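Asker: First to last, the sequence lines map onto chains A, B and C.
Under the working numbering, the first residue of the first sequence carries the number 1, and numbering increases by one thereafter.
Under the working numbering, the first residue of the second sequence carries the number 1, and numbering increases by one thereafter.
Under the working numbering, the first residue of the third sequence carries the number 1, and numbering increases by one thereafter.
To be clear, the hints were calculated from the coordinates, so they are not data collected in a lab.
Computed from a prediction, not measured in an experiment: that's the story for all the values here.
Glycine included, every Cβ here is placed at the ideal spot set by N, Cα and C.
Check before you lean on any hint, since a few could be wrong.
[As the list claims (entries may be wrong)] Take a look, some chain A residues computed to stay more than 12 Å from chain B by CB distance: (1) R114; (2) L188; (3) P315; (4) R562; (5) G610.
[Unchecked claim] Sample of chain A residues with no beta-carbon within 10 Å of chain B, all distances over it, derived: (6) S45; (7) E150; (8) A468.
[As the list claims (entries may be wrong)] Computed, partial: chain B to chain C, Cβ under 8 Å: (9) V27; (10) E43; (11) V146; (12) G219; (13) P277.
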Amino acid sequence: MTLDTGRFLPRDELEHLFTALQADGRRVVGPTVVDGAVVYDELTSPAQLPVGWESDTAPGKYRLRERGGERAFDYTIPVTSWKRFTHPAIVPLTRGRRDEGQVLVESVVPEAPRLAFVGVRACEVAALAIQTRAMRAGPLGDADHAARDEAALVVAVECATSTSTCFCTSMGTGPEVREGVDIVLSELDDGYVVRSGTPAGARLVQGLGLRPAAAAETARATAQVAAVRQAIGDPVAAEGLPGRLRAALDHPRWDQVAERCLACANCTLVCPTCFCTSVAVASDLDGVDGSTTRTWDSCFSLGFGRVAGEANFRPRVRDRYRQWLTHKFSTWWDQFGSTGCVGCGRCIAWCPVGIDVREELRAIAPADAPVGPIPWPRSPAAGRAPASLATVLPATHAVATVRALAAETADTTTLRLACSDPAILAAQPGQFVMVELPAFAVPPISISRMLPDGLELTVRAVGPATSAITSLPLGAEISLRGPMGRGWPVAEAYGRDVVIVAGGIGLAPLRPLIDRILTERPRFGAVRLYLGARTPQDRLFVHEMHALAGRADLQVTEIVDRAGPEWTGRVGVVTQLFDQATWNGARVTAYVCGPERMMQATAATLGRLGVRPAATWLTLERNMACGVGTCGHCQLGPFFVCRDGPVFSLAGLGDAFGREGL
Amino acid sequence: MTSQPWAAPVRHSPRATAPRRPRIGVVKFASCDGCQLTLLDLEDELLAIAERVDVVEFAEATSRRSAGPFDVLFVEGSISTEEQAEEIVRLRAVSTRLITIGACATAGGIQAIRNWFDHDAIRSAVYPQAEFVESLAMARPVADFVAVDGELRGCPISPAQLREFLIALVTGRRPQLPDEAVCLECKRRGVVCVAVARGVPCLGPVTRTGCGAICPAYGRGCYGCFGPREAANTASLAAWFSDDRSAHEVARLFSGFTAWSGPFRAQIDAHGGPPGPGEPQRELQDA
Amino acid sequence: MHDTGLPTGTSGDLVVDIAGLTRVEGEGSLRLRVRDGAVEEAHLEIFEAPRYFERLVVGRTPDEVIDIVARICGICPVAYQMTAVHAFEHGLGIPIDPQVRALRRLLYCGEWIESHALHVYLLHLPDFLGYASALELARDHRAAVEAGLNLKKAGNRIVELIGGRAIHPVSVRVGGFSRTFRKTEITSLREPLAAALEIALATVDLVAGLVPPDFQREARMVALRHPTEYPMNEGHIVSTDGLDLDPTDWTSEFHEGQVAWSHALQARSRDGRPYLLGPGSRLTLAADQLHPTAAAALARTGLAGEIRTNPYRSIVARAIELVDAVAEALDIVEAYQPPDRAATPWTPGPGRAAWATEAPRGMIFHAYQLDERGLIADARIVPPTSQNQAAIEADLTIFAPQVLGLPSDQATHRIEQLIRSYDPCISCATHFLQLHIEDVG
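Just chain A, same shape as in the assembly (with noise of 0.2 Å):
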């Protein structure tokens, strides 16, 4: 809905749009000046305005200035953005409780207040909308964050002063206020120009009984925020952006700028739109009754890339300012078809060093600079409208019964589960599950059978939350929620021969592909099965491998690491078992899973032998917090690996697949 034509509102009556507002209902949160800053608080009434006073702002500074006089909105962007309230610090999860072996989780159903934003810039309207695309690009999201966009009320303002760190106009979102938002004030010197965008906003403003704006008010609205669009200027060559960023990634100024990056986070907390968030968990003495909550964390903390076993994605500074930076300006539009960056310049001015994005992109991706090879694909999710509000539900959860366990290895257990949730029971094969035990960490496992009245998840312990899955007793139960993620495409291998190759846990997400080629055998050409491990000893399946190998229609073999005397099979790496092949490497469609630096190795042999890129298909692993793309951890370029993944093409990766710290 375009803005409708403005009415003016007297400077000593903006206590009676306060008095609306709080009669709709709402609490109003808006602009007050506490501790030399203006922050969003909740506010009783416009007295506590920042009436009188101006900000400047450089990197890695910023001064209030008390220029006195009676306009309330002549600061610009407060430290705080709109997050707070829409996508809060600290966010409740679950509850659960696990007491004598059975264990419910539920999710907190979200409490969200109504409120009223009073005092939102272009920038951060933009940023609300953009916030909200990103926690409801589905197919499941963030129903915590969709609950409080909802019921927030915004009240715009116009800006009628910039700072030298803004640069909404290069990035299209400001300085004029435009459509969607339900109220736009623009300040004049004895009142407002009130316009509204929804019926929500129209309504508001027609109970406020306001004559119609003058034409000269109006004039002066829009020759106010014209001549903030020609101070800001245009100081980000925004057009083409994202490719010439897309081309940079080997640019040498990240190490440059990682020399000043103090990797602190505070730019990442200051944006309105970064949306990373991490799970505590949290419990009484004896771990029966455990809590999980989301707090705000960066891409910039170390943890953020770290998988079990201590390998970490990204572990140094450079690696964590180029995904920043890249996010925000290149792959978000992959990603959710807009820009990830509204130009509001906190990041620069609350830089503790005064590090300048703007001038970080002069000098990685110039107007002038080359745009990058293949673009990497956009998400389906990128053309969407954000998910309705009616799908964006908390999170359910399913109970599992443990009905047996067997040691695969010396830290490896396959757990069978008997379950009967339908969502669960219609898992494919290559999609994993999040496997919650109150106290403990939620791990994300991937199913290694499905069953008719369960599954089973082989579990290698290798901290306190899966060893206390893998020491389930027998009757115990768990909580899962999924099943999430793309699975095996299996239909892609009709009529085509098939090659799956495994390097130690790796097996585990494979076997139910295996499953499924075995029940519909006929559908496919020659199917050899390639199987490495550590040791003897680090072989998962055994029994069953060896079964298999049996069959005339299979072709398995076999090769481990290294082995003692008793061991009369092959040593060696897993593509020493087919690097000789003799195979049509055309008619291969392939499935790879392992260590990262297998599959790198198993793809490129492949790759030799004659396998497209198109045909072979991997499972990646990345630190997963929610599973459905909302906490930004499993990030691997423009892919969320939980959503877009686990299973990608190694054609659909590109030069995302072995690219190292991206």
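On the provided structure of chain A, position chains B and C as indicated by the hints.
Answerer: Only chains B and C this time, still in chain A's reference frame:
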């Protein structure tokens, strides 16, 4: 695909035997006692924790003594005498897990400032008959002498982190002690950055969080009492400080309770040494 | 840890060694030399490793000193911060807002409550009831120990609110505090303090009913005395034998010397006499300044005289001071209005800065010399425990013969219980300085 008949279940649990209460010890070297006291400051949980663990050595709180063995030994204080250096080695041998608590044990503490100065001069300035007073030339962190299984940082340690550690110990999960900047805590709480908004020098960006961002919340800059975090880019922060400060003033900013930790020490050394009684004595090699 | 092996009817040389005192703060041991039933020597050996704070503060600014000296003691950091900050303000002529003064007193009340509750319930009470620790005491008397912990928590809440955290506060600055406090923040203390007052009064009843070993002696007692309030941040140095000194003037009457058996320098009068600080001394010299609620509680016990003469009665003195601190804190909370500004602006400069305040364990004295840049050139820090050491040893010399005839376990227990009566804070006691400060007026 036929399923394999299941063998009798075999479990590989780290807690395969019936649980017994872990034996806990708390010992102190050169320190103020504040970190041990934080244990006693867990007023709401103290008795519940005492029921689930077996406190066999904690001189401040109980006359019950033990020389070990310990399942978990908490060590407070820096190593400052020959006797302490021997004792920590003995304690390491009888402890399954040795956890250092506080800036003195993890970083040498404020007393490590003396490491930059002539020890004999300091000792005789304080004690007229210095031969009666035994101490090493340096105050060193425990990890300089023995392997350490975990640490709780801070001066003093944070009651919340201690609580988290103890609950994790009793329930068997991993303690969540994030290695991130104080800045994340400030921003989560909504504290206005004192450095950017008021120009107050603050070590928050290079200091490990855990305190809950107390100092900025109380209107002053962080002074680094939890020590440097991972990837602490103190060189960059020092360069920023240097814009309107002398080298000695920059060194002063890093010369706090964890001054001896690598990234802080590097900046102190690069900017002329810490404040103290006289001139810093030497260019320090790896101590 | 006990290995006394005291036979009855001692004769000949006998060395009684209690290695490693427990339930005291810090590391100390007691060594007695007994000959023919008389104690020849009592040495309180402090082997707490020295940390040389008097040298660590050289070259620092006054605000840095406030942060640093807190680390002398984890139980009484506020005492060090208060003494230092008042010394600098007095020495540099910096006035403070009356509401800042009130907040400082409230902060000190918080520490007194936390420290005294810790001592009474966790360190000393187990002795009287025959337990090795409060943890074991709690198995049979859980409600009492929980009450004590809640009382301690109330004290910690005050320090956390005003200081930022319970141990090593961050907000004390020369001229005031690093921030102001809204009235609603301060009045949030009302409820926990009201509950704490009930517990404090019950504590008085509990400890007044304990039967201590019979040990009477007259000691020379020293404390601060203020014309209108129970001594904390301000007052003259007075004694039971007529001393009256300005709080900056400690060195005119007292001095410290080193002894071979201790890392702590011992303070005595310049004429060599020991003296005693602490709750017992304060009550003896300033009981008329107690809050009415505490004065009434003291009167109800009828033990004012015994508090003066029997060190074991210090547990009652601490309980009375608990009542006083809680009651005063409540009054300050009710009367509080935010000051106009958090701190008075000031400029650094040279001079002598000295002051004494009353830490929970007794009087504490600091003196600093500031150079022309306003940085510390010299420092002297005299904690209460080092001042008490000579008196503790003197008392032990008198007391020990009484218990030599007892079975060794009991004798050891009684001696430890006596040492604990002084609430020695041993981590503090090793920071003596010996530098003479030139008084440049």
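Asker: Could you run down the list of hints and mark each one as holding or not?
Answerer: Against the structure, the hints come out as follows:
Under the 12 Å C-beta cut-off, the non-interface status given to R114 of chain A relative to chain B holds; the minimum distance is some 21 Å. With a minimum CB-CB distance of about 29 Å to chain B, L188 of chain A clears the 12 Å threshold, and the non-interface call stands. Against the 12 Å criterion, P315 of chain A falls within the reach of chain B, whose nearest CB is about 9 Å from its own CB. Its beta-carbon lying about 22 Å from the closest one in chain B, R562 of chain A satisfies the requirement of being farther than 12 Å from that chain.
Consistency note on G610 of chain A: stated as away from chain B, and its beta-carbon is indeed over 12 Å from all of that chain's, at 30 Å minimum. Residue-level check passed: S45 of chain A sits 21 Å from the nearest beta carbon of chain B, beyond 10 Å. Annotated as non-interface, E150 of chain A keeps its C-beta farther than 10 Å from every C-beta of chain B; the closest such distance is 23 Å. The beta carbon of A468 of chain A is not kept farther than 10 Å from every beta carbon of chain B, the shortest such distance being approximately 7 Å.
At a threshold of 8 Å, the smallest CB-CB gap from V27 of chain B to chain C is about 10 Å, leaving the interface hint violated. Residue-level restraint check for E43 of chain B holds (minimum Cβ-Cβ distance to chain C is 4 Å; threshold 8 Å). The criterion of a C-beta within 8 Å of any C-beta in chain C is not met by V146 of chain B, whose closest approach is roughly 17 Å, and the hint is violated. For G219 of chain B, the interface hint holds, since its Cβ comes within 8 Å of a Cβ in chain C; the closest pair sits about 4 Å apart.
Interface restraint check for P277 of chain B: the shortest CB-CB distance to chain C comes to about 4 Å, inside 8 Å, so the restraint holds.
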